[in-house]
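Top to bottom, those sequences are chains S and C.
Per our numbering, the first sequence runs over residues 3 to 273.
Per our numbering, the second sequence runs over residues 6 to 278.
Derived from the structure by calculation, the hints contain no laboratory data.
Nothing here was measured: the structure is a model prediction, and the numbers come from that model.
The beta-carbon is built from N, C-alpha and C at its ideal position, and this holds for glycine as well.
Anything over 10 Å on all C-beta distances counts as not near chain S; from chain C, calculated:
#, residue
1, L93
2, F115
3, A121
4, G137
5, L270
FRET-style restraints, in silico, Cβ to Cβ:
#, chain 1, residue 1, chain 2, residue 2, range
6, S, L121, C, A85, 33 to 39 Å
7, S, E244, C, A165, 45 to 51 Å
8, S, R29, C, R273, 38 to 44 Å
9, C, A131, S, A78, 53 to 59 Å
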Amino acid sequence: MSADSTSAGSTRPVVTIRDLRKSFGEREVLKGIDVQVHAGEVVCVIGPSGSGKSTLLRCVNLLEQPTSGTVELLGAEVTDPDVDIDRVRTHVGMVFQQFNLFSHRTVLDNCTMAQRTVLRRSRAEAERVALANLERVGLADRARAMPAQLSGGQQQRVAIARALSMDPQLMLFDEPTSALDPELVGDVLGVMRDLADAGMTMIVVTHEMAFAREVGDRVVFMDDGQVVEDGAASQVIGAPREERTRTFLQRVLDPTHRHDTARASGAPAQG
Amino acid sequence: MSVDLSAPAGRARMSPRRRARLSRGVQYVVLLAVLAVLLTTADWSAVGQTIFNPAAAGEILDRLPRAFYNTVRYTLAAFAVGLSLGTLLALMRLSSVAPYRWIATTYVEFFRGIPALLVVIAVAYAVPIAFGVSFTSIVAIAAIALGSVSAAYISETVRAGIEAVPKGQVEAARSLGMSHTRTMVQVVLPQAFRTVLPPLTNEVLLLTKDTSLLFIIGQTPAFFELTKVGRDALSTASGGLTGLFVIGACYLVITIPLGLVARRLERRTGGRA
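One chain only, chain S, in its complex shape:
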């Protein structure tokens, strides 16, 4: 699509996470994570709820302050207190499970606000960029609508357009389809697939295994605050090496056989 799209497998690292730890009070949620993401790569992070996936993602742009370890983002060590995190964040788009559109502003304003105040673009320029990105997610005709007037799927696509309007070099997706009605998931995943095809570097925390396998270049499987398996998407999902990965995949891909893989705490699925 775009001329400068980078092919997957480029060697320039966009994100380098080293020995990342995060505790909430006594509870350690991340127990030493090492992950690297290269330009143009789509990395899907999967794992059971409570495994620390979202926390890991939120540590990348410092919405969550890591307890220890380092995060290097686009060549800047974001964990260093001297780095201007606001500036680094302008290059990193984030999409949330709950969309988080600014509910008091129109769709267009949502997409232009940060462009104008942070990037200091003129109103005309900001609106041009915003409309181009709304067009990209198929919602240019709703530019004047208020977020509450849109469906969840539309809101999430606007949220993606809003993030893209900052011309990010990396996109973070935090369970972008988990809050959506099933019939609306497809539209959002479609937009994300287009984005991946255009060469965007993406980290996607998701429960959509089909998406992870088809669109992801790599899959990172996390459990209990650790990276259990990190490899090519087809390998981790198609032929997992670790027992814990296998157990998890069995459960999500075939939920009706839950009792086969129930763990110590597992209650029988049916009475």
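Knowing the structure of chain S, use the given hints to seat chain C on it.
Okay, now just chain C, sitting in the frame of chain S:
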């Protein structure tokens, strides 16, 4: 032990629906009785003489527009101070700098705890002595005294509004590279004010009534507000309480529409998901 619903056993007692209808009837009867007692026991000729005396009402009529205008002016001045100071206090209360939080908390507890009348007197008489200033306009006294008091209440309202803005809104703004301050100004405060618009309207209503406290300070006729005019009318020979009655009606002209606006806003914001 089986229950037969069609059995006439319940006939002895009244069914719940019949009982409800009877109770409603009793309530109407009580209401009518109270009204009848009030109407028959009041001395209507005396009421006409001292409370609804058209002649006495006519005497203060020419002073009403000015007084009405002054009451509105004092209210708006006090609200302007109350809103800005209240917002500042709310932000201080939520600040990560502990002394700011202490100051804001102390302020709120202090001004909520003392009567507004004392504050009015203090500002009118103590402040000029302490700071060597003299107020040439009652507007300034209204703004400082009533504004300080209402700031305490408004800050609590605004703080609740700020805390009601979902955390995700802040995270979205910060993830776009917006600074803390910019996020506050462009995302959090606009949404917070939208939620607290009904209680803020209510605050204006309360302030309108509080401007009556300004009667205590010496005023020149140009600065008379409604209550001052009403009290002066009390001391003139004719009419007795009619002046107060007229003044009361004037306050209602301001406060009833404000109340309606507040309720309307409440419905509008309440309906939003």
